[in-house]
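Visitor: Those protein sequence lines, which keep their order, are chains A and B.
Taken in order, the first sequence gives residues 1 to 445; the numbers are from this note's numbering.
Taken in order, the second sequence gives residues 1 to 445; the numbers are from this note's numbering.
The hints are simulated quantities; they were obtained by calculation from the structure and are not laboratory data.
Keep in mind that the hints are not guaranteed to be accurate.
Identical chains blur together in the list; that is why a pair holds if it fits in one copy or across any two.
As a list, the in silico EDC-like pairs of lysine to aspartate or glutamate whose alpha-carbon atoms are at most 20 angstroms apart [unchecked claim]:
{"#": "1", "residue 1": "K199", "residue 2": "D426"}
{"#": "2", "residue 1": "K277", "residue 2": "D203"}
{"#": "3", "residue 1": "K199", "residue 2": "E123"}
{"#": "4", "residue 1": "K109", "residue 2": "E255"}
{"#": "5", "residue 1": "K384", "residue 2": "D396"}
{"#": "6", "residue 1": "K384", "residue 2": "E310"}
{"#": "7", "residue 1": "K196", "residue 2": "E434"}
{"#": "8", "residue 1": "K199", "residue 2": "E93"}
{"#": "9", "residue 1": "K199", "residue 2": "E298"}
{"#": "10", "residue 1": "K199", "residue 2": "D82"}
{"#": "11", "residue 1": "K109", "residue 2": "D26"}
{"#": "12", "residue 1": "K384", "residue 2": "D259"}
{"#": "13", "residue 1": "K109", "residue 2": "D82"}
{"#": "14", "residue 1": "K390", "residue 2": "D133"}
{"#": "15", "residue 1": "K109", "residue 2": "E12"}
{"#": "16", "residue 1": "K387", "residue 2": "D195"}
{"#": "17", "residue 1": "K390", "residue 2": "E310"}
{"#": "18", "residue 1": "K384", "residue 2": "E93"}
{"#": "19", "residue 1": "K384", "residue 2": "D133"}
{"#": "20", "residue 1": "K387", "residue 2": "E249"}
Protein chains: 2
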Amino acid sequence: MSRPRPLSGFPEFTPEQRIVEQHVLDRLRETFELHGFASIETRAVEPLDRLAKQGEIDKEVYVVRRLHADERSADELGLHFDLTVPFARYVLENAHALAFPFRRYQIQKVWRGERPQEGRYREFTQADIDIVDTGTLAAHHDVELPLVTLGALERLHVDLGIPPVLMRVNNRRLAQGFYRGLDIDDPAEVLRQVDKIDKIGPDRVVQTLVEQVGLSRAQADACVALAGIASADESFVDAVRALGVRSEELDAGIELLADVVRTAQRYVPGRLVADLKIARGLDYYTGTVYETELVGYEGWGSVSSGGRYESLASDGRTTYPGVGLSIGVTRLLVPLLSRGLIGASRPVPTVVLVAVDSEDARPDSIEVAELLRARGISCEVAPKADKYGKQIRFADRRRIPYVWFPGSGESGEVKDIRTGEQLPADPRRWAPAEEDLRPVVALQP
Amino acid sequence: MSRPRPLSGFPEFTPEQRIVEQHVLDRLRETFELHGFASIETRAVEPLDRLAKQGEIDKEVYVVRRLHADERSADELGLHFDLTVPFARYVLENAHALAFPFRRYQIQKVWRGERPQEGRYREFTQADIDIVDTGTLAAHHDVELPLVTLGALERLHVDLGIPPVLMRVNNRRLAQGFYRGLDIDDPAEVLRQVDKIDKIGPDRVVQTLVEQVGLSRAQADACVALAGIASADESFVDAVRALGVRSEELDAGIELLADVVRTAQRYVPGRLVADLKIARGLDYYTGTVYETELVGYEGWGSVSSGGRYESLASDGRTTYPGVGLSIGVTRLLVPLLSRGLIGASRPVPTVVLVAVDSEDARPDSIEVAELLRARGISCEVAPKADKYGKQIRFADRRRIPYVWFPGSGESGEVKDIRTGEQLPADPRRWAPAEEDLRPVVALQP
Numbered sequence: 001m002s003r004p005r006p007l008s009g010f011p012e013f014t015p016e017q018r019i020v021e022q023h024v025l026d027r028l029r030e031t032f033e034l035h036g037f038a039s040i041e042t043r044a045v046e047p048l049d050r051l052a053k054q055g056e057i058d059k060e061v062y063v064v065r066r067l068h069a070d071e072r073s074a075d076e077l078g079l080h081f082d083l084t085v086p087f088a089r090y091v092l093e094n095a096h097a098l099a100f101p102f103r104r105y106q107i108q109k110v111w112r113g114e115r116p117q118e119g120r121y122r123e124f125t126q127a128d129i130d131i132v133d134t135g136t137l138a139a140h141h142d143v144e145l146p147l148v149t150l151g152a153l154e155r156l157h158v159d160l161g162i163p164p165v166l167m168r169v170n171n172r173r174l175a176q177g178f179y180r181g182l183d184i185d186d187p188a189e190v191l192r193q194v195d196k197i198d199k200i201g202p203d204r205v206v207q208t209l210v211e212q213v214g215l216s217r218a219q220a221d222a223c224v225a226l227a228g229i230a231s232a233d234e235s236f237v238d239a240v241r242a243l244g245v246r247s248e249e250l251d252a253g254i255e256l257l258a259d260v261v262r263t264a265q266r267y268v269p270g271r272l273v274a275d276l277k278i279a280r281g282l283d284y285y286t287g288t289v290y291e292t293e294l295v296g297y298e299g300w301g302s303v304s305s306g307g308r309y310e311s312l313a314s315d316g317r318t319t320y321p322g323v324g325l326s327i328g329v330t331r332l333l334v335p336l337l338s339r340g341l342i343g344a345s346r347p348v349p350t351v352v353l354v355a356v357d358s359e360d361a362r363p364d365s366i367e368v369a370e371l372l373r374a375r376g377i378s379c380e381v382a383p384k385a386d387k388y389g390k391q392i393r394f395a396d397r398r399r400i401p402y403v404w405f406p407g408s409g410e411s412g413e414v415k416d417i418r419t420g421e422q423l424p425a426d427p428r429r430w431a432p433a434e435e436d437l438r439p440v441v442a443l444q445p
Numbered sequence: 001m002s003r004p005r006p007l008s009g010f011p012e013f014t015p016e017q018r019i020v021e022q023h024v025l026d027r028l029r030e031t032f033e034l035h036g037f038a039s040i041e042t043r044a045v046e047p048l049d050r051l052a053k054q055g056e057i058d059k060e061v062y063v064v065r066r067l068h069a070d071e072r073s074a075d076e077l078g079l080h081f082d083l084t085v086p087f088a089r090y091v092l093e094n095a096h097a098l099a100f101p102f103r104r105y106q107i108q109k110v111w112r113g114e115r116p117q118e119g120r121y122r123e124f125t126q127a128d129i130d131i132v133d134t135g136t137l138a139a140h141h142d143v144e145l146p147l148v149t150l151g152a153l154e155r156l157h158v159d160l161g162i163p164p165v166l167m168r169v170n171n172r173r174l175a176q177g178f179y180r181g182l183d184i185d186d187p188a189e190v191l192r193q194v195d196k197i198d199k200i201g202p203d204r205v206v207q208t209l210v211e212q213v214g215l216s217r218a219q220a221d222a223c224v225a226l227a228g229i230a231s232a233d234e235s236f237v238d239a240v241r242a243l244g245v246r247s248e249e250l251d252a253g254i255e256l257l258a259d260v261v262r263t264a265q266r267y268v269p270g271r272l273v274a275d276l277k278i279a280r281g282l283d284y285y286t287g288t289v290y291e292t293e294l295v296g297y298e299g300w301g302s303v304s305s306g307g308r309y310e311s312l313a314s315d316g317r318t319t320y321p322g323v324g325l326s327i328g329v330t331r332l333l334v335p336l337l338s339r340g341l342i343g344a345s346r347p348v349p350t351v352v353l354v355a356v357d358s359e360d361a362r363p364d365s366i367e368v369a370e371l372l373r374a375r376g377i378s379c380e381v382a383p384k385a386d387k388y389g390k391q392i393r394f395a396d397r398r399r400i401p402y403v404w405f406p407g408s409g410e411s412g413e414v415k416d417i418r419t420g421e422q423l424p425a426d427p428r429r430w431a432p433a434e435e436d437l438r439p440v441v442a443l444q445p
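Pulled out of the complex, with its shape left as it was, chain A reads as follows (with noise of 0.2 angstroms):
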């Protein structure tokens, strides 16, 4: 077995990395059930045909089959390239079983064919949360889940060092009651059109709207103003309706936007926007929509993103809404450690090595380390007999702070190996420093 290779758009993490990851997972899971989400997990794969019907997508599926299978089985599968439709398949499933309205939070693996760059892989992690109900979802749902999204990311910045974010908020309604207002008759084209801008520039887009899609120009104009309005407070909505159009479903929109700044003012200042040239996923998302940039790596892509939709699952008779965001655990954290610029104080759990004087007195040091894991503290004892020194070199490698000397009875010693610092310790009572107790993730100078 010669060494082998990584495989490309599969990320895998160093026993450091990893722990820069369980720290970050860790208070994911922490913020969504503060918020009262509970968790799911559905299986890897799902029908192929339940995957392949969500349009374009189908090209980057990944079918899987029973290595021996008969050819053209019945029963073909596909790994779940998202979990959004795992979770709309869960919640028919399960109907009779949940409690509506339901919110969950899902922390998995999904896979994309796609052409492995950065910010795109064919593994990665994402972590969901939904509000999902039947028949109707009411409104301030919207408001609530870029708070919890918000809270989490914001946690990641202060506890951990990763970069703060900017969220940007629009609604899908705000846009296609402007575009009534103004008698247009395909407002869904104008939105695909104007989601160019970025691209190619707003003077383009007028004259896309006006050549190709048959506004006047007046109207393209006032199109592309809304989408030039963007504020972090709720002066957005006089800046909308300064444009001088009306209509209901307009009204409708700017209040639902306007709730989600002011509520975002108060509880996650500074974190959040409203941007009228949001668009996302214009097939199937209906309402508000949400994309999130990492403030100073705005390339890397949105890094948190998800929408309201009008029937996120159905069964005929049921019609299920939701609201969702999902975070991209891996798009936001592959590129952070593969610079070096995140990391842990060390790469195992482990607080104290316990030495071991020779292989005969071996118990000796298990029953130390068994005596401080009673108390949390995380302990390996020496694999040999070495030394003293070889074995706090051991330790050094490791990073691990501390090395036990057992003594005779419950007598021993304890060496912070950073400062040198040698005194007697018991393993019933003695506690590291409570910066040690745990590894620490950082930004790294």
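Knowing the structure of chain A, use the given hints to seat chain B on it.
Guide: Quick look at chain B alone, frame taken from chain A:
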């Protein structure tokens, strides 16, 4: 989209069942980390040729390919069917960056295309620990691993009410040394026959050893007598000695196994026996072997198995011996969950439902919820400003223990809906009963 049906062999959990699983996984992780094991995760896929090398198992592999890949594309992949093959590959790939002996735990899903039945799944979660070194791996790690695993399983028993376990341990060298001491030429073949003792009984094993393997009746009787020895203490040593066979390898095997039993008696009393008929994984284990049953549910099969590999991996120049134990989390949990033997006190993390007096007053309720969350108390804000009776029923359906009624300013009242007791409370100071802070997992009455 009609109501989908579950896929046989791909178990999924309800939110309540998932809480049980999360409690189990959290405790496994905590125990592994207390013993200094570092977490890694490997990608779900391995090159097919790496998976197919493993003898017969290739029948059960799931092949993965992009939907629109060329027929017979060179880079065929399969889902991993265990965590050992990917770990061996990870060690080879990252050997330059790892410090040996390397201790890792790995908790992930694995996939096998087996015919689904109870105890056999197509997707299931394993929790593995392994210690791997370069060249040689010290024998005391064979003693250490069952302590860690039994410590983890004991926590599941004590904390969550999962039945206790009994681990059966043997050492391949003991049996081989014994056979060699009897001047038997083909110990591997004898081991293969003796392994059938539970299925066909000792008499038929003796018959086969004499008639097919060519042993004398005395040799065959001794082999079967050896397999009949089991003890929870070191008395197995005398029982083996009493059979009158001597060899160096036998002595080495006895000593290793006695060390395991002695240490287990000290730290996990009653949970481990030396059982000299245990064979397991005849093709790859070379020393200590482990298997573990749930006491009272022995028919469910082994919930934790493993052993020592003299060569877990090799790159031609360096050999990496290892010893590992794997806990079958899904195999342990699904029978308990599907029979309703174990459950959680509620299906949501939520401790407090903050009631909403009117939609206009929703910000007051959000404020209370945020104050409680800042102090680690999981909250939801009621989705609708219904009559309070309806909001209480909303909490009751989810077994959320408390409902908060925001008052004017900082006043408010909190009701324990189980007792009906309602008291004034300040969200900056109030705390629930300690046992209500998280869902409690326990055997069901």
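Visitor: Does each hint hold? Answer for all of them.
Guide: These are the hints, each one checked on the structure:
1. In this assembly of identical chains, the alpha carbons of K199 and D426 never lie at most 20 angstroms apart, being 66 angstroms within a copy and 52 angstroms across copies at closest.
2. For the identical chains of this complex, K277 and D203 are intra-copy neighbours only, at 15 angstroms inside a copy versus 82 angstroms across copies, given an alpha-carbon limit of 20 angstroms.
3. Taking identical chains as interchangeable, the C-alpha atoms of K199 and E123 are never at most 20 angstroms apart, the minima being 28 angstroms within one chain and 43 angstroms between chains.
4. Neither within a single protomer nor between protomers do K109 and E255 lie at most 20 angstroms apart by alpha-carbon distance, with minima of 36 angstroms and 45 angstroms respectively.
5. Taking the shortest Cα distances, K384 and D396 sit within 20 angstroms of each other inside one copy (15 angstroms), while across copies they are farther apart (57 angstroms).
6. Proximity of K384 to E310 under the C-alpha cut-off of 20 angstroms is restricted to the inter-copy arrangement: shortest distance 19 angstroms between copies versus 63 angstroms within a copy.
7. Taking CA atoms no more than 20 angstroms apart as the test, K196 paired with E434 passes in neither setting, with 52 angstroms inside one copy and 54 angstroms between copies.
8. In this homomeric assembly, K199 and E93 never come within 20 angstroms of each other (Cα to Cα): the closest approach is 41 angstroms inside a single copy and 41 angstroms across copies.
9. Within a single copy, K199 and E298 get their C-alpha atoms as close as 15 angstroms, which meets the 20 angstroms cut-off; across copies the closest is 64 angstroms, which misses it.
10. In this assembly of identical chains, K199 and D82 lie within 20 angstroms of each other by CA distance neither inside one copy nor across copies; the values are 26 angstroms within and 46 angstroms between.
11. In this homomeric assembly, K109 and D26 come within 20 angstroms of each other (Cα to Cα) both inside a single copy, at 16 angstroms, and across copies, at 19 angstroms.
12. Taking the shortest alpha-carbon separations for K384 and D259, only the inter-copy value of 17 angstroms comes in at or below 20 angstroms, while the best intra-copy value is 63 angstroms.
13. In this assembly of identical chains, K109 and D82 lie within 20 angstroms of each other by CA distance both inside one copy and across copies; the values are 8 angstroms within and 17 angstroms between.
14. Proximity of K390 to D133 under the C-alpha cut-off of 20 angstroms is restricted to the inter-copy arrangement: shortest distance 17 angstroms between copies versus 62 angstroms within a copy.
15. For the identical chains of this complex, K109 and E12 are neighbours both inside a copy (12 angstroms) and across copies (16 angstroms), given an alpha-carbon limit of 20 angstroms.
16. Proximity of K387 and D195 under a CA criterion of 20 angstroms is satisfied in neither setting, with 68 angstroms inside one chain copy and 44 angstroms between copies.
17. In the homo-oligomer, the alpha carbons of K390 and E310 never lie at most 20 angstroms apart, since the shortest distance is 64 angstroms inside one protomer and 25 angstroms across protomers.
18. Within a single copy, K384 and E93 get their C-alpha atoms no closer than 55 angstroms, and across copies no closer than 26 angstroms, so neither meets the 20 angstroms cut-off.
19. In this assembly of identical chains, K384 and D133 lie within 20 angstroms of each other by CA distance solely across copies; the values are 12 angstroms between and 59 angstroms within a copy.
20. Taking identical chains as interchangeable, the C-alpha atoms of K387 and E249 are never at most 20 angstroms apart, the minima being 78 angstroms within one chain and 30 angstroms between chains.
Violation of the numbered hints given earlier is confined to hints 1, 3, 4, 7, 8, 10, 16, 17, 18, 20; the remaining hints are satisfied by the structure.
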